[in-house]
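Trainee: Use the sequences and the hints to build the structure in full.
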Amino acid sequence: MIKYCFLFATILMSTCCYSQEFVKIDAAVKEFYYDYTFQQDSTDHTSEKYQEMVLQVGENKSKFTAVNKLYTDSLLFTVKDMDPNAGFLKIWPQLQALRIHKFCTYNIYKNYPQKKNVRFVGDLGSKKTLMVDEEININWKIETQKDTTISGYSCQMATCNFAGRDYIAWYTMEIPVSDGPYKFHGLPGLIVRISDMKNQHIFQMYKVKNCDTSKDMLFVAENNIQETTAPKFAKAMKAHIADMYRKYGGSASPIQYKSPEQESKVLRNIRSRNNYIERY
Amino acid sequence: MQKVFLTLFLNLFTLFLFSQSTIQGYLLTDKKESVEGIVVSLHADANTKKFLAYSISNAEGFYQLNYDDDIEGKALRLRSLMYRDTCIILSGVKHEYNISLKESIKMLKEVKVKSTPIIGKGDTVTYITAAFAQKRDFSIAEVINRMPGFELMDNGKVLYHGREIEKYYIEGSDLLEERYALANKNLPHKAVASVDVMHNHQSKKIFENRIASDQTSLNIKLKKSVAFTGRGELGAAYKPWGRYVNLTPMMFTKKYQFIGSYQSNNIGSDLSDQMSGLRYKNGKLEGEEKMHFSFLGLPSLHYPNIKKSRYLDNDANLVTINGLRKLNDKTELKINSAYLSDNIDELKNSETSYYLDEGLYKTNELYENRFKNRSFFTDLNLRKNLSSVYLNNKIGYIQFWDKSKAIIQEGTTQQINARTPHRSLYNILDCTLPFFKGFASFYSSVDLNESDEDLTFTPNVFNNILEYGEDISVNKQNLKNRSFVSKNHFKFTKKWHAFILESLVGFNYESQELESSMYSSEEILDFDVLSNDITWNKTDYVFNPCLKYETSDLKLSFDLPLNYYFFKYNDHKYSSQIRQDKVLFNPRFYLKYEWNSAFDARLTLSEVKSMGNPNSMLQGNIVYDHRSMRSRVAQIDESKSRSFRLNIGYRDAINGLFMRFGYNKRIKEKDFILDKSILSPGVFQYSLIEKENDVDINQLTGDFSLYLSNLHLNLALKSDFTNQKSDYLLNGDLKEFKLNSYKNHFKLNFDKWNFLALDYGYSILWGRQESNGNKTKSTEQVHTARICYYFNSKQWLELRPEYTIFSQSENKTQESLFTDLIYSFTPKGSRFSYLLECKNIFNSKNVYSSFNSDLSSVYSEFNLRPRAFVARVRFSFGKN
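If you read the protein sequences in the order shown, they are chains A and B.
Yeah, the first sequence ends on 280 if you go by our numbering, and it's all consecutive.
Yeah, the second sequence ends on 880 if you go by our numbering, and it's all consecutive.
Think of the hints as simulated: they come from the structure by calculation, not from any bench.
If you're wondering where the values come from, they're calculated on a predicted model, not measured in any experiment.
Backbone N, C-alpha and C fix where the C-beta goes; we use that ideal spot for every residue, glycine too.
Nothing false has been slipped in among the hints.
Sample of chain B residues with no beta-carbon within 12 Å of chain A, all distances over it, derived:
hint, residue
1, 382
2, 481
3, 528
4, 837
SDA-like mimics (lysine to any residue), calculated; alpha carbons at most 25 Å apart, straight line:
hint, chain 1, residue 1, chain 2, residue 2
5, B, 735, B, 851
6, A, 49, B, 330
7, B, 255, A, 262
8, B, 221, A, 37
9, B, 592, A, 45
10, B, 775, B, 851
11, B, 330, A, 47
12, B, 326, A, 256
13, B, 254, A, 256
14, A, 265, B, 325
15, A, 116, B, 55
16, B, 224, A, 257
17, B, 224, A, 35
18, A, 258, B, 254
19, B, 254, A, 263
20, B, 204, A, 263
21, A, 258, B, 330
22, B, 609, B, 541
23, A, 198, B, 212
24, A, 49, B, 217
25, B, 106, A, 216
26, B, 738, B, 359
Mentor: Shown next as structure tokens:
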């Protein structure tokens, strides 16, 4: 039953996706891939989840997103001119395998639409997309005495506080890009690894790719996008998960479970998503 | 103009206010367009990587750096992905540098961090199978054996960091329980994605995250596409003619799991380990319900320290069916059945030196043993494993029809025929429920057993030595036994913060009937001293309060069990009756401290008082073999043992480093001892008599293993030193037996190169023993290797030499070399492999071993399987 619900939701999502517009904002010259390991339940260290993320760096702009989301957007881009149903059916087999955790269904564009701006576009379900535009100045504390080697790059340490957590970042001057995963930027080199002090959210780079032929960096413009602030998005994420919990559980739920154990497992999994990266 | 003015103003302002150097300027392209996002950094000189200050150019191309010291001679570096790197040496005077940059796309060194083959998440360590598998491997057992921290025993058991794993799950289900060797040996590694090692694994979900466990379990995760898999292998051997069949299909779906197997061979592949269900857990023997502990049998042989397949002369057939159905998410119904027919022939030359007061007495015997073992078992298991309730009920039946024959030659020929059938019906119920904010567990087992065993001697044994005035000799010993065993307890577990209180109340009941009689030429020897007819029952009431203290790094446990035994014994032959009761207190203290996830120490202190087996109170003699006859006294023996066990371990699974050090000391005090009387040279009568005696055992163990993933190199070293002192009686005199043994085992696996894989093992065992003034020394060394050369991805050739050197005090040093050669061809894209094997190329005939005890030292020469050529075709079921 859950499978059918997922299918239904995906079909709904696809119709929404078809109302998307793709805008080329830059050409990606480098791609940096990160492993994002996070603890979805702050009270349970075994609730660790994992998502592959990618940072596309262009001449002036950058985009950070889940690899699966980038791939989904690329697939949708290939069938954007087709009949929605035919197009969807064509890419459905590939879409099935592309799972994205709720905490990672976002795109982050730096220096877009204007300089210094960080634009965050996050999906909360298939019908709700929120956008945050902000100018972020991270107050980095450079630790010049501490260095290490990560993924073959010699790195130096810096620390900061961002969105309710203290972070340790390792950046390399061998890659002269003042950028990094998520919203992090502003160091004299690429951030290779960043983790909060409790090791609940860790981004670590595992692959560097030169884009031989410039790749389109796409901004996915939604029709029904709403503007908000970062704290409000974090709050909306909480509300969305609470809403999911209500939808999936109880007698009023349209979902039929095979057993009470299966229901409680699903609900337990939803309830455990309480540790979004930003907290205010 | 505005820009220049602004720069001048800022420059003056900063100089005036902070008296520090400020370097600033604009970055422009050739076309005078501003360049943003350039990393501008100040360095002590042009060669120093460490920077003193940095800035990122903004949208206008403006950058600014502040530095507290003199800037003369310092280097200003400008780096970006899209422009050429630029370096300017600063003069102390100028502070403004407007720089023109030239476009040049920088190519970065492409890095791809390979995923590590071992991944740690919490208490789970995941080993990626593909990283450890080699082209020559087929089963998951071969790959697990190469994973750091693992050790695969000859009997198929899997050890992790020196301890046997508790559960072997496949996709989270425990289909085979203790008989997991069947899956381990036959599951193709290509079907397996990863092997998860779960530390502190709590198999009962009701205790999960509530009551900690110290056990380690293993979960085999299959590749997503795998539902149907298994092993198929058919082969034929030439000179001697032989066959090899192994058809083991396996199916794993969300609702069903199935493993069936038909195996048949007469080329030395042992199948009995796939039936074995016995193991030690927490210092106790488990799976006794399924075991066959026979009273009578052929004289036991001590096998050499080489692979069993080198000397096992067998003709075996095994059929097994194992099915699991998930009734819902957490309830499983399981059926396991197996039938094994195992014929084994053994040929051994044995020289036994008896340490007698008069000096050494030696016998030299040639044994021809022939076993015909038949066994069948079936059990049905229902298991409900929820976070709210745990229920497990198993009902089973097992039957053995074992027969064996020995022809022993020492001048004359002695034949012994043994028949040891046994059957057993059992039921085990284990249930746990929440109870008053704690947990209540109920355990009950019932086991009914029946045996009717015979030993027949041709010619008769013990001629004229029974001294009853008649010419009596024995040609048959019969023993009948029926038993009923029931174990029942109720356990209450309550957790209060870090404290856990466990109280166990229960009783164990056992009753047995045992009759034995000797025959001479089919006539029963109707003497009380030559027969037994006893019945006994024993009730053991248990109260075991246990207090535990558990935090994330410290675990303490105090067990304070009180046992009240009530025992009734009737000897119908001697018309004697014994009623005895006894209270025993067996305290146990356990401590485990974890400094971190890698370092831990375990300490166990225990004192165990136990009552002996009432079957050892038989007053009539029983003939156990052609050389020994035993009787006891009508008094139950007691023993007290104290043990101290310390274990310090280091485990860094991710980096493949494991270390372990252990020290065990055990002192056993017994109030009865076996007196060995010499009836004639080499023929003994054993009597259990009351006399205090001690056994003192000290053991030091050490393990080290390291996996270097870059080199694909696995190194392991294992050492064991044992010192034992014990008392024994010979003709009424108390004597001392001393034994020192020192074992070392080194192992290496190397598979860095695509064309060659190398496994090498070396073990050395030094034994020193002293008994009745006689000193014996023995040294046994074994070199083993597997050298595999890959011609290409389809073909490989492997040489498997094994070289043993054996020396014992008086006997000359014996050296043996056995070598197998295997060639394999797998057509491209095929799941069939064709193997040609020459076993024992040099046609080596014998291998040597020794066994030492207080009374004797046995030096044996075993016959090896002759050279044989084997052709096999091997395939996996399903597309793996």
